[in-house]
Structure formats: C-alpha cells, structure tokens
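Sequences listed follow chains V and D, in order. Take 264 as the starting number for the first sequence in this note's numbering and just add one per residue. Take 5 as the starting number for the second sequence in this note's numbering and just add one per residue.
Note that these hints are calculated values from the structure, not bench results. Among the hints, erroneous ones may be present.
Pairs of lysine-lysine residues, derived as DSS-like cross-links and limited to a Cα-Cα distance of at most 27 Å, are as follows [stated by the list, open to error]:
#, chain 1, residue 1, chain 2, residue 2
1, V, 850, D, 47
2, D, 47, V, 939
3, D, 47, V, 756
4, D, 50, V, 490
5, D, 47, V, 417
6, V, 939, V, 672
7, V, 902, D, 49
8, V, 500, D, 49
9, V, 939, D, 49
10, D, 47, V, 835
11, V, 413, D, 50
12, D, 47, V, 500
13, V, 862, D, 49
14, V, 756, D, 50
15, V, 274, V, 722
16, D, 49, V, 490
17, V, 687, V, 672
18, D, 50, V, 687
19, V, 672, V, 793
20, V, 793, V, 965
21, V, 908, D, 50
22, V, 413, V, 965
23, D, 50, V, 886
24, D, 50, V, 417
25, V, 500, D, 50
26, V, 939, V, 886
27, V, 490, D, 47
28, V, 413, D, 49
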Amino acid sequence: MQIEKFNYDNKIVRDFAIATMIFGVVGMLVGLLAAVQLYLPEANLGIQYTSFGRIRPLHTNAIIFAFVGNAIFMGVYYSLQRLCKARMFSDVLSRIHFWGWQLIILLAAITLPLGFTSSKEYAELEWPIDILIALVWVTFGINMIGTIIKRREKQMYVAIWFYIATFVTVAVLHIVNSLEIPVTFTKSYSIYAGVQDALVQWWYGHNAVAFFLTTPFLGLMYYYLPKAAGRPVYSYKLSILHFWSLIFIYIWAGPHHLLYSSLPDWAQSLGVVFSIMLIAPSWGGMVNGLLTLRGAWDKVRDEPVLKMFAVGVTAYGMATFEGPMLSLKNVNAIAHFTDWIVAHVHVGALGWNGLLTFAIIYWTIPRIYNTTMYSKKLMNVHFWLATLGIVFYAIPMYWSGFTQGLMWKEFTAEGTLQYPEFLKTTLQILPLHVLRSLGGTLYFAGFLVLIYNVIKTVKQGSLVANEAAEAPSLEKSTLFKKGEFWHAVLEKKPITFTVLAVLMIVIGGAVEMIPTFTIKSNIPTIASVKPYTPLELEGRDIYIREGCNACHSQWVRPFRSETERYMGEYSKGGEYVYDHPFLWGSKRTGPDLHRLGGKYPDSWHYHHMVDPATMSPGSIMPKYPWLAEQQINVDDLSKKMSALKSLGVPYTTTEINEANATMKQQAESIANNLKKEGIDLSSDKELIAMIAYLQRLGTDIKKQNTANK
Amino acid sequence: MKQFLANAEGVEGYLIFSMMVFFLFFIGLLWWVFRANQSYINKMKKLPFDNN
Numbered sequence: 264m265q266i267e268k269f270n271y272d273n274k275i276v277r278d279f280a281i282a283t284m285i286f287g288v289v290g291m292l293v294g295l296l297a298a299v300q301l302y303l304p305e306a307n308l309g310i311q312y313t314s315f316g317r318i319r320p321l322h323t324n325a326i327i328f329a330f331v332g333n334a335i336f337m338g339v340y341y342s343l344q345r346l347c348k349a350r351m352f353s354d355v356l357s358r359i360h361f362w363g364w365q366l367i368i369l370l371a372a373i374t375l376p377l378g379f380t381s382s383k384e385y386a387e388l389e390w391p392i393d394i395l396i397a398l399v400w401v402t403f404g405i406n407m408i409g410t411i412i413k414r415r416e417k418q419m420y421v422a423i424w425f426y427i428a429t430f431v432t433v434a435v436l437h438i439v440n441s442l443e444i445p446v447t448f449t450k451s452y453s454i455y456a457g458v459q460d461a462l463v464q465w466w467y468g469h470n471a472v473a474f475f476l477t478t479p480f481l482g483l484m485y486y487y488l489p490k491a492a493g494r495p496v497y498s499y500k501l502s503i504l505h506f507w508s509l510i511f512i513y514i515w516a517g518p519h520h521l522l523y524s525s526l527p528d529w530a531q532s533l534g535v536v537f538s539i540m541l542i543a544p545s546w547g548g549m550v551n552g553l554l555t556l557r558g559a560w561d562k563v564r565d566e567p568v569l570k571m572f573a574v575g576v577t578a579y580g581m582a583t584f585e586g587p588m589l590s591l592k593n594v595n596a597i598a599h600f601t602d603w604i605v606a607h608v609h610v611g612a613l614g615w616n617g618l619l620t621f622a623i624i625y626w627t628i629p630r631i632y633n634t635t636m637y638s639k640k641l642m643n644v645h646f647w648l649a650t651l652g653i654v655f656y657a658i659p660m661y662w663s664g665f666t667q668g669l670m671w672k673e674f675t676a677e678g679t680l681q682y683p684e685f686l687k688t689t690l691q692i693l694p695l696h697v698l699r700s701l702g703g704t705l706y707f708a709g710f711l712v713l714i715y716n717v718i719k720t721v722k723q724g725s726l727v728a729n730e731a732a733e734a735p736s737l738e739k740s741t742l743f744k745k746g747e748f749w750h751a752v753l754e755k756k757p758i759t760f761t762v763l764a765v766l767m768i769v770i771g772g773a774v775e776m777i778p779t780f781t782i783k784s785n786i787p788t789i790a791s792v793k794p795y796t797p798l799e800l801e802g803r804d805i806y807i808r809e810g811c812n813a814c815h816s817q818w819v820r821p822f823r824s825e826t827e828r829y830m831g832e833y834s835k836g837g838e839y840v841y842d843h844p845f846l847w848g849s850k851r852t853g854p855d856l857h858r859l860g861g862k863y864p865d866s867w868h869y870h871h872m873v874d875p876a877t878m879s880p881g882s883i884m885p886k887y888p889w890l891a892e893q894q895i896n897v898d899d900l901s902k903k904m905s906a907l908k909s910l911g912v913p914y915t916t917t918e919i920n921e922a923n924a925t926m927k928q929q930a931e932s933i934a935n936n937l938k939k940e941g942i943d944l945s946s947d948k949e950l951i952a953m954i955a956y957l958q959r960l961g962t963d964i965k966k967q968n969t970a971n972k
Numbered sequence: 005m006k007q008f009l010a011n012a013e014g015v016e017g018y019l020i021f022s023m024m025v026f027f028l029f030f031i032g033l034l035w036w037v038f039r040a041n042q043s044y045i046n047k048m049k050k051l052p053f054d055n056n
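If we strip away everything but chain V, and leave its shape as in the complex, we get (with noise of 0.2 Å):
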C-alpha cells in the first residue's frame, strides 16, 4: 500500500477562531446591553437602532450563528481533516465558506438594528441573507462531503456522523421556515400564516438548538473529549445508539413550544411524549461523555480544559433533562413566557456551548501554533469566572421565572386575581435583574481573559498553517467487503449515511405538518375575522420591524388566569388565519396584546407609547418617540396587499387599488379621535398606524359574540 504525504489546513481553523472570539465579545456585550435595558430602559441611549425590539434579535443571533457558528466550523475544520486523513476538499471552498459566513454576520449586524426582519425567532434575517446563508451552508456541504469521499481512513468515526446530520438538517429547517415571499427587497411575508406559520417557525427554532447547538457539539465532543483525556470514548455502541435516536426524536418535540396554544392537540400530544423520550438519547451522550473521564478525575482536577469539559457535560445534561420538564404540560403553564426558559437556554448555552467552545479553542490553538498555552493559571480563572458566571446568570432567572409565573396565576381568596396589574409583577423581578446583567458581567470577564491568554499564546508560537502528514492511500477495493457489520458498510458510505439521515428526519416534520396544513378542521375558520385593512397592515409591520414580539406575546392560553387578565376568551387558531408571519411571541416581558383592542382610548396608546411611564409608572418599557415623527411609507402598501393576497388573504382588486385612499380615511379618524383629547398628532405618522393595528387586535372575535346574542 502507498503511503501519501499531504498537509492539514491550519489556517482555516485559525480564522474561524478568530471569528469566534471578536463574535464572542461583539454577541455577548449585546446580550448585556439587552439585559441592562430591562430594569434601566433609558439605556437604549433612545436611539431606535439600539431599543431592545431590535437588539435582542442581534443578541440570539450573534451568539448561535456568529460565536457558536464560527466556533463549529473552527473545530470540524480541525478534526474532519485528522479523522479523514485527508486535507479538506478544497482550499477555494475553505475561503468561500468562511468570508461567506462573516459576511452574513455583517449584513445581520446591520439589518437587525435597522429593523429588517421577518420576526421569527433565530430565523430573523430577511429573504436576500437567507438566499446567501443557503447559498455559503451548501458550499459548507460540499467542502465537508467533499473530504469524507476523499478521504484516507475507511470508517467515518462517530463525530462525522453528527457533522453529516447538521449539514443536512440544517439545510433542510433553513429552506422550509425561510419561505416567504418578497415584497421589496428588505421586505417580505412569510408564506405560512398562523398556526401552521407557528408550527413550522417551532419546528424550526426546537431544530435549531437541536442541530446547530446540539449535534454540533456532540461530534465536537466525540473528538476532543477523548483527545484531551488521552483515552477512547467510553462506549462506542453507546454512540451508535445515541446517535440515531437522537436525530429520530429530536424533530418531533418541536410543538413543546405552542403548549396550550391553538395548535391541534394531537400534535402538542405528540411534541410532548417524543420530548419526554429526548431524555434517553441526551443523557446517553453526556453519559458517555462524563464517563470517558472515568478514572482520569485527577487529571481533571488539574486540566483546566478538562474541566470545561466536565461541567459543559454536565450543562448539557441539566438543560436536557430540564427540557422535557418543561414540556409537561402542568410545568409548561408555569414556565412559559418567563425568565425559567431565559435560564433554560443560559445553561445550554453559556454552559454546553460556551464552556465546549472554551475548552476547543485552549486545546486547538497551541497545537496549530506549534507550542503551550501562555498561562494555565489564567485558564483556571477563566473557568471560575466562567462557571460562577454561569450560577450567578442562572439562579436569579430560575427564581424570577418562579416568581413571575406564580404571581400571574394567583387568586385571592374572592376568587380575583391577586395581581390584576401586570406591571406588578414585572417590577417585582427586576432586582433579580440586576443581578442576572453581573452574572452576564462575570462570564464576559472571562472571556476578556481567554481572549489575553490566546493572544500571548500566539504571539510565542507561530502558526503551522499546513501541516505535514500522511498515510496509506485509500484504495477503493477494500471499501466494501461482503458480511460486515452493517453500520461499518454504512459508515463507509457517506452519501447513503446522508440520505438515511435525512429520511430519519424527514418523516417527524411530514407527520406533523402535513395533517396541519392539509386537514381543515385542524384550525376551525371564524366567519367574522377578516383580514387587516391597509393601515392596520402598516401598524403591524411596524410592530414587527420594532420587536414588540420580543417583550409581547399575542397568545391568550385557556387558562382562567389568562382570560381573566385579559379580559376575554382564549386565543382560537382561526382568528390568526391573515397572519403573515404569526406574532405570538414566546416571552412577556410585556403583558399578552391579543385582546388589547378598544381597551384604551387611542390617546392612552399614543402618551403610552411616546412615553410608557407616563400611562403606566415604572414602567421598563422603551420610549417610542421616533413613532410619532416617522410617517408611514405608503410606497409598497399595494405591493404588500398584493404579496398577501397571492398567499391567499381575500383582499379584492378595489381594496387594493383604493388602499391609499382607505388607509387616509382611517388614519383621519383616529387623527381626529386624537385631537378630541388635546393631542397633535398628523395623520400620516407611523404612530397611528401602531395605533389602529392595537386597537384592532383580537376584536374580531368579539364582533361575532355581539352577533351571535
């Protein structure tokens, strides 16, 4: 057999580590800018750009896409390469993926604070960045497939199939929650409305802490665990195990997130039991995990990578166990829309991602950079910071949530609700706050420290940017023998191990979308919800391109806590049948706003929204004063009623050429409604078209119940 002499591509691996140190610092000052705002809004400086409506998207984004995407594709460049013994595919493909991917970054950090967005969550970027994200994800692919054909070691090791299952899946949830259609070129409609928009939006956002935050990471750890313990994976069959049941399950839990929502029960039953089945698969991976360490606990004690390792382990098994927790239904009422899913997410991502990545960058660098960490010292001061960090982030949100969440559903003994004013219960957090922004504070010092460290390390060594090896050439007769092992003939086979893959996840999302969208009497129609007029239209995309959905859910459950609160009936699946994307939101910082129509009077909205405080004392809501001085863009209004109504929204041809007209006449009246109360406001400004849009909310429904008596 001939031996081969190649080099390894360091240099790539180097620049995504780069890449995702300055998105490290750039999502984690966001994050804190964020959560400053929430007990200190004047800390939006009141500038549009930066009030939390639009930076909360930039935080969620910059962390999963920009720190935890730079920081995947740093360690599959590495390890691919060494377990395929092979070079990756193409050096061409190695640039294009990664100015690819940093231009994403940039056109997210300058769209988001704009207010370009389609508001789905992790899915905010409108449709021109979502054609490049496909466009640089499949470059990706290729690159990746591209070295697993050509590689020189016949098995695929365990972590390549979990990089084989993110590409794919991810791929597939981008292209399907990202149909929209455009209206301008900054502009576009999803083509989902409602329910079936909420389900597919869920299926997506579940998916995606699945298979870029998730599987990612457990291939990353199959390699680097492993590497820095200086001892196999503990069980190999365990692997296999894990593996396949975890893809298979994953993409059904998505509808844990519409729990007591309007989503057909069958299919919250569904995203239930296969939620509570995840914790078999995840625990399978952190056991293997915390068991490769078996017997190596000294070495823990004194390697601080390894104890990054350990305790992001065992992150992920808290976060995983306390997922299906959270989607028991009798959890779920309480936890929903507080700060315990904010502390959910922290553990996962401060501690699995945040504390994997850590761990990856401090073992992959000196070794790219021929030499030694500058100081290990340092690196246990990260790993304090980093883990009190941690505690200090998640104790205050988990003790917020509980209290947030008991203090929303708590009756006198009368049988009213103890809390009537929401604010109430807000201002009674925002201690807890405080105190979470310092957590923040601790985690980012420890990055700070990382960055320093790596820095000096670089600076001592210098770079082996291809980095010689070899070893026998692959020869094509010896990569199918006849009675092997299946899972040995499939872990030879790339692109077979790729399609299973894919049907494996393919068949959870059919089973779940195809009876939503096809079977009708899954979402019973309301005979008086028409849909929005052209100024109504206006407000909404205003709401959106704010962020309201960040701060507001518009989702009455049917619980007596939540019709009493909000004064009406629970939210039915047919009142959102117009809605282009839905707006449920999954957070109330904010009171729930589907039932807000004809609440107040318009000028209660126009003092509230100019200044919150004003209508509500203490309020932590952002000042809008911009709303009162931008007008409305009337340019695209026919496009956009034209957009939806090939999404099939009955608006008629008339409407749609009169809608300039129609819109004026409404924003009159509500001008003139304005005046009657003293208040100045001109008839073309953005604020009254968030005016008409509040006052509309959930009031169809209402009009059929005065029918119907």
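Please arrange chain D on chain V, whose structure you already have, making use of the hints.
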C-alpha cells in the same frame, strides 16, 4: 399517556403510528448494535488517536 389522549380526537392514530415507527427502528438498532463485533468497535474507538 392517557391524560394526553383524553381530550383530543384522532390523537391515537398519529401517536400510535409515530411510536410504532420509532420502536421498530429502535429495536432494529439495538439488535444490530449488539451484534457488532468487538474488534470493529475497538478500532472505531481508537480512530481519533491514529497518528495525530
């Protein structure tokens, strides 16, 4: 599982179908994994340590 099914019509079909698919798949998986030969498993475990 009863409490999930109680207030939903047509739940059974979906649930039974998806569970069946999963359990069949999982049992197959178990069967194959336990048939795996040990030298293959040992080789796979050592892969990350091969020469680098």
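Practice item. List, from low to high, the hint numbers that the structure doesn't satisfy. Key: 1, 2, 6, 7, 9, 10, 13, 18, 19, 21, 22, 23
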